[in-house]
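**Student:** Each chain is listed here by its residues.
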Amino acid sequence: MSTEAGRFVIDGQRLPYEPGDTVAMALIRSAQHPRRGGTLCLAGDCGNCVAEVEGIAYVRTCQTPARDDLVVDRHPGEGPPPWHEPAATRPAVEVRRDEVDLAVIGSGRSGTAAAAEARRAGRQVTVLDAGSGEEVVAVYAGPTLIVRISDGMLHLRAKEVVVASGAAELHPVCPGSELEGLLTARAAQRLYAAGVDLGAAVAIGPPPEGVPCTALSGELVRFDGDGRVNAVVTREAGEERTTSCETVILNLGRSPRDVLSRMAGDLPVSVVGSAAEAFPLPPPPTAGIVCPCAGIGVDDLEAVWQRGFNELELVKRASLVGTGTCQGSVCLPHVRAWIAARSGRVPEPFTARPASRQITLGEAAADVELDAFRRTALHDEHLAAGARMDRFGGWWRPWTYGDHLAEYRAVREAVSLGDVSTLGKFVVAGTDAVEFLQRLYPTDVSTIRTGRSRYALLLNERGHVIDDGMICREADARFVLTFTTGGAGNAEMWMRDWIETWGLEVLLLDRTMSLAAINVTGPRAGELLGRLGLADPPRFLQHVRAEIAGVDCHVMRLSFTGEASFELHHPVDRSAELWRSLLAAGEDLGIRPHGLQALFALRLEKGHVIIGMDTELDTTPRRLGMDWAVNMEKPDFLGREALLRTASLPDHRRLVGLTMAGVAPTEGSPIRATGDVVGHVTSGFSSPSLGQAVMLGWLKRTPFPDQVEIDGRPATVTAPPFYDPEGLRARA
Amino acid sequence: MRAPDPIAALRVVAAPALLDSLAWPDRAMALRLAADDLLVIGGNPASVGNAIAIVEEERGFVGWWLTPDEVRDRVLPHVEWPLPASRPALAQGLIAGVPAKLWLGDERALLLCAAAYAHELAERLP
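Chain order of the listed sequences is E and H. For the record, in the first sequence the residue sitting at position 21 is 21 according to our numbering, with numbers rising by one throughout. For the record, in the second sequence the residue sitting at position 113 is 113 according to our numbering, with numbers rising by one throughout.
Isolated chain E, as found in the complex (with noise of 0.2 Å):
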C-alpha cells in the first residue's frame, strides 16, 4: 500500500488517492465505479470491480494498491475487453519450487491455529495469505499450489492443505443489484474507515458497526436508479416501501469462501473455521442477474431447468452461471438455493477453477515444459536435402523435400529413400511367445513361419481396430513387431498389460528408438541394395539379416509404397552412414528421398488405409472391408467375441476407394448421394499415374451408393486398389 497520496490512470485521466487506498476505494472515493456497476465487496471474492490493469485484465482492483502512475482501464460495458499483442520480448515469469509438511491458506485465527498445532506437532508448516502477498490461484494434484508471489510464482507441494480462508458475504440478486452504489457491509465499514463519503446510506440487514446509515427493514424487492442507485424497493406485510438513498449497504449473511476447497477434489486437502461453516443458504431469487461475472439471469436459469438440465452441474454448463471471474463465490449460494427450492434437495457445490484468481497465460505456463518431439538419426541429413520437416506422432519427419511429385515418380519409376525410423519396433520372445501373439492378434500367428513376415491388424477388445503392422518371425519363440508411429508407445502398454493380465511368460524389448529404419522402394531398390552387398533379396513378405553397406541391417520386404520396398532396420549410430551409402549408390538409377506428402498419396494409390487418418475409434475390419485380416477359426484372440456378435447384424458404416476426375478435394469433404451427407473423404490425391483422384471415404448411410456427389462433382465408388491392382509390382 502507498503511505503517500498521489494519482494514477483510469481510462486515460489522472485520478487522485489517498495513502492506502486500493484502486478501487480510489474510484468510489472520486463517486466512480471500477467496473460500471455491481455490489462492490473490496475483499476479492466478486468480479464486480475487475479492469485492466497495466495491460493485464480481469484485475482485481480492490486487491491492487493504487500508486502513481499505475494504468487501469475499465473493461467495456458490452464484450470482452480489448486484445492486446503480446509483447516481443516478455520477461518470463519465474518459478520458484518448495516442499512443506503443511501449507495453511489464510492467516486468520483459524488458520492460525491451525499453523500452531502442526508446528507444535514438529510438522513443517507454511501459511500463505494474500495480504501478504502470496495469493494461492490454484490447487492441483500432489497436493500442489499454484501461488502467485511479489517476484513470479511459487509451486508449493504440500502433503497436507488446510484451507483456512473464512467467508464472503453475500451479494443481493434482484432486480436493480447491477447499479452503482451497492455496498456489502464489510466494504461499507472498510470505506467509511478510510473517510470516503457514503453519502445518505441505507442497510438492508444488520447495519455495520460504526457506520451511519439508516436500517430497513423487510424484505428486499429492488433497487431503483439510472446507473447509480437512488432508492431501494423493500417490501413488509405484503407492502412495498420506497427509501431513497445514495448507497445501499447489504448485510444478507455469509457463505464460504471455499473456491480453493472446490479446486481440491480427492486431495488431502481440509477446511476450517467460517470456511467450513455450512451458512444457511439465502432465500431463491425470483428476478435479477444471479451470476454478475457471466451476466446470467434467474430467467436463464429457468429456461435451462425446462428444457431438462435439472441438476447443478448440468444448469452451470448449459447457461454458463458459475464459469465466470469469481467461479461462483457471489452466484453459487443462490444458484444451490433456486435448485433447492425446485428439487427438494440442496445440491453440492461445482467445482471451481484458476480462473477465478485471473492468472495470466505466463503465469500459468511458466517453468512449463512444452512436449519433447523425437528426431531421427537422419534429422540432419533431411535439413541438409531441403526437407519440410512436421510433427507427426511425436517425432519430426520430413514432410518434403521441395517437390513431392518427383519424390513420387522416384519411388514409382525408379527407387527412393523414406526414413521410417518412427515406426514401432518390438522384440517378443519366450517360451509363451506364440501363445501371447495367437491371443493379440487376429491373424494366425503359429503359421507364420520363421523368415517370413505377416501384415496384422490390432484389435481391442470390442473389435475395433486400433492399430497395424507387421510380424516378423525371426525364430520358433521369437518376432519382431511393428507398429505405427503414433501407436508405438500404446502398443508397448497394451502388450505389456495383456503380457501381465494373461500371466504368460514373454519377454518385451522395446527398440522403437534404438533401431533406425530406412525403407528403400521403387522399382530398382534390389538392384540398388544389390551394389551394396545384398546378393540374395528376400522375396516379397520375408525378412533376413544381412550386412548392407558394411551396416548390420535386418531387411524386410515388404510394401506399403506399391512397389518392392525394403525395410532396413539398423542401430541408429550407423544411419546417417547407411543413408549416405544409399543415395551415393543410386545416383545414377535416379534415386530421391521421399517424404510423408508424397508417401501418404503412394500408399492412398494401393488403398492402404493409415490408422488414425481413415479409421475412426470404432472402426472394425468388416467396415474397413479387411475381413481377410481376421481369422475368426482361430479359437480365441483380442476383440474375437465382439466381432463374432457384431457379424450378424446390420452395418451402416464402410470405408470405400472413390475416383472422380480433376483435382482431388480436400480431406473431409462432405460425400452426397441424392442431396443428403452420405458420408465424408478421409484421404485424397490427384494421381498422376491414374491421370484422376483417388480417395478413400467413410459411406454412413444404406444402401451403400455406387455414384456420390463430392465438392460439387460426381465420384464413383471404387474398390482398392486403384493401382497394380493385382500387387504384381510389389512382389517384383
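Misleading hints may appear alongside valid ones.
[To be verified] On the chain E side, residues computed to face chain H include the following (Cβ under 7 Å):
| no. | residue |
| --- | --- |
| 1 | Leu-423 |
| 2 | Val-427 |
| 3 | Leu-509 |
| 4 | Ser-514 |
| 5 | Val-572 |
Just so you know, these hints were derived from the structure itself, not from any lab. We put the CB at the ideal spot given by N, CA and C, even for glycine.
Chain H: place on chain E using the hints.
**Tutor:** Relative to the frame of chain E, chain H by itself:
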C-alpha cells in the same frame, strides 16, 4: 548443455531372477531399468547361456557425465520428482519435460536419454 557422449551398451531382457544372477566386469555399470530389463554400459555380463532372454546391442542412448555440482545446478532445477537418497541409485522420469534416466554415484552422475530426445534435453538444460 554440451553435446552428449554416445553410449555403447548391452540390453538384456530376461526373468528377474536371471538378471539378479548375472555378473559383469568391475569397470561396467549395470542399470536395472525394470525388473526384467538390464542396461550394461562398458562391459558385457556373463553369458546368459541357454536361458530365454533378449540380448541386444543398445546404441539408442546418449549420456552426459556430470559432477555433483552440475547435477545440482543444471539438472535438479528441472526435476519435479524426489531423488533417491542412497548412492549409487538410478532414477527415471521427466527431466525438463524430457524422458530421461539419472544414475547417481558418490562422485559422479550419468544423465541418460534416448538419442532421439538428446537435442531437446541439451536445449532445455543450461
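**Student:** Hint by hint, note whether the structure agrees.
**Tutor:** Cross-check of the supplied hints:
1. Leu-423: This interface hint is violated because 13 Å lies over the 7 Å limit.
2. Val-427: With Cβ-Cβ at 5 Å, under 7 Å, it holds.
3. Leu-509: At about 5 Å, which falls below the 7 Å cut-off, the nearest Cβ of chain H leaves the hint on Leu-509(E) intact, so it holds.
4. Ser-514: 3 Å, holds
5. Val-572: 6 Å, holds
Hint 1 from the list above is the single one not met by this structure.
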